[in-house]
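**Q** Listed here are the chains, written in short residue letters.
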Amino acid sequence: MAELSIKTELDNLAYTPGETLRGEVTWEIDVMKNSDGGEIRLFYYTSGKGTQDVEMIKTLAVDAREPAGSQKFEFQLPAEPYSFSGKLVSLIWALEFQMLESDETKRLEFMMSPSGREIDLYAHAEGKLPSYSNLKIG
Amino acid sequence: MTGADHQMMKTRARENPFASERVERLLVFEPEWIDLNWSQVMKRLEDLDYRAAVVGPHGSGKTTLLRKLKTDLVQQDFVVESVFLNEQKKSLDESVWQRLARIDGDSNKKVMVMLDGAEQLSWREWRRFRSAAYRHDGLLITRHSAGKLPVLLETETRLEMFMDFTRRLAPDVGFEDVVLKRIFTSTQGNMREALWQCYDLLAEGSVSGAG
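Chains A and B are the protein sequences, given in the same order.
Start counting at 1 in the first sequence, then tack on 342, and there's your number in this note's numbering.
Start counting at 1 in the second sequence, then tack on 121, and there's your number in this note's numbering.
Mixed in with the good hints there might be a few duds.
[Unchecked claim] FRET-style restraints, in silico, Cβ to Cβ:
(1) Asp395(A) to Arg223(B): 26 to 36 Å
(2) Glu397(A) to Arg245(B): 37 to 47 Å
(3) Ser444(A) to Glu153(B): 23 to 33 Å
(4) Gly360(A) to Arg188(B): 52 to 62 Å
[As the list claims (entries may be wrong)] Here are some chain B residues pointing at chain A (derived, C-beta under 7 Å):
(5) Arg133
(6) Ala134
(7) Arg135
(8) Ala140
(9) Glu142
(10) Arg146
(11) Ser216
(12) Trp218
(13) Ala324
Hint data in this document are derived by calculation from the structure and do not stem from the laboratory.
Heads up, the beta-carbon is just placed ideally off N, CA and C, and yes, glycines get one too.
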């Protein structure tokens, strides 16, 4: 049994492209069988009607030799794709923390776009937003 | 109704309880539905000398059942080689034939070949595939109708199952029974298609959902 947590500096989880995302992971493991350490992953995935896509952007090793501890981390976010949601698909950015000896993971979703908010494709469809023709969805 | 009001009722893809990954997690055919359990299914497969077919209509859970059987067989030290065909991919490319020729078990591991969508193959290609697969220890296929191999089990869908899936996926959405019945009938019992229709209803804001 492992108690894992991820915390970011920004509580509102609203980031802009290219920004540095800083945070800290903590872990507490009942019995540490080996010292494989852990991993923090920065990725985005799609959710909706159709095949789910997952794109891993970067991973960081966590040097976890003790059964309990913490480690700070930072990722520079890429320029795209932006977080968005519509009828058929949403694109969701997330961090995931896993101790490699365990199947347990902790996930934290966040938004990344110029406004720091998820782009609403419903509103876009109704003509409320400008064109996002450069939007890439994996 | 204003545009904003209408928009509030629509469920975003990320919140749609019928999103593909959620459906995939749940849409697994359970042998209990036809009065069997998993160990009986595995015993039956063994009795059929690991050469058998899962038979059922579109969207009845054959693919997810095959995935579950694969997990069980891997746990029993099988090496499983999977091939997937559908309306868009109706024949086997050269890489599959090469894989079938190359794959090998060892003294501890048997090789099971799985073909999902066997009805897509032409008679000639099926003969070739069967011949290549029979050199290994097992062949398990899915088909819409019986015929090519002894039937391991037949998947089927019923309105009660669809209603049960719907309630488990979206307990907070008040689908009326009459609506679900209409959906199930219009999709001719294709569970996957029926659940997609539920997705669309929520996405369009035709019923109130989690969004």
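**Q** Does each hint fit the structure? Answer for all of them.
**A** So, going through the hints one by one against the coordinates:
no.	hint	verdict
1	Asp395(A) to Arg223(B): 26 to 36 Å	holds, 29 Å
2	Glu397(A) to Arg245(B): 37 to 47 Å	holds, 40 Å
3	Ser444(A) to Glu153(B): 23 to 33 Å	holds, 31 Å
4	Gly360(A) to Arg188(B): 52 to 62 Å	violated, 40 Å
5	Arg133	holds, 4 Å
6	Ala134	holds, 3 Å
7	Arg135	holds, 3 Å
8	Ala140	holds, 5 Å
9	Glu142	holds, 5 Å
10	Arg146	violated, 11 Å
11	Ser216	violated, 21 Å
12	Trp218	violated, 26 Å
13	Ala324	holds, 4 Å
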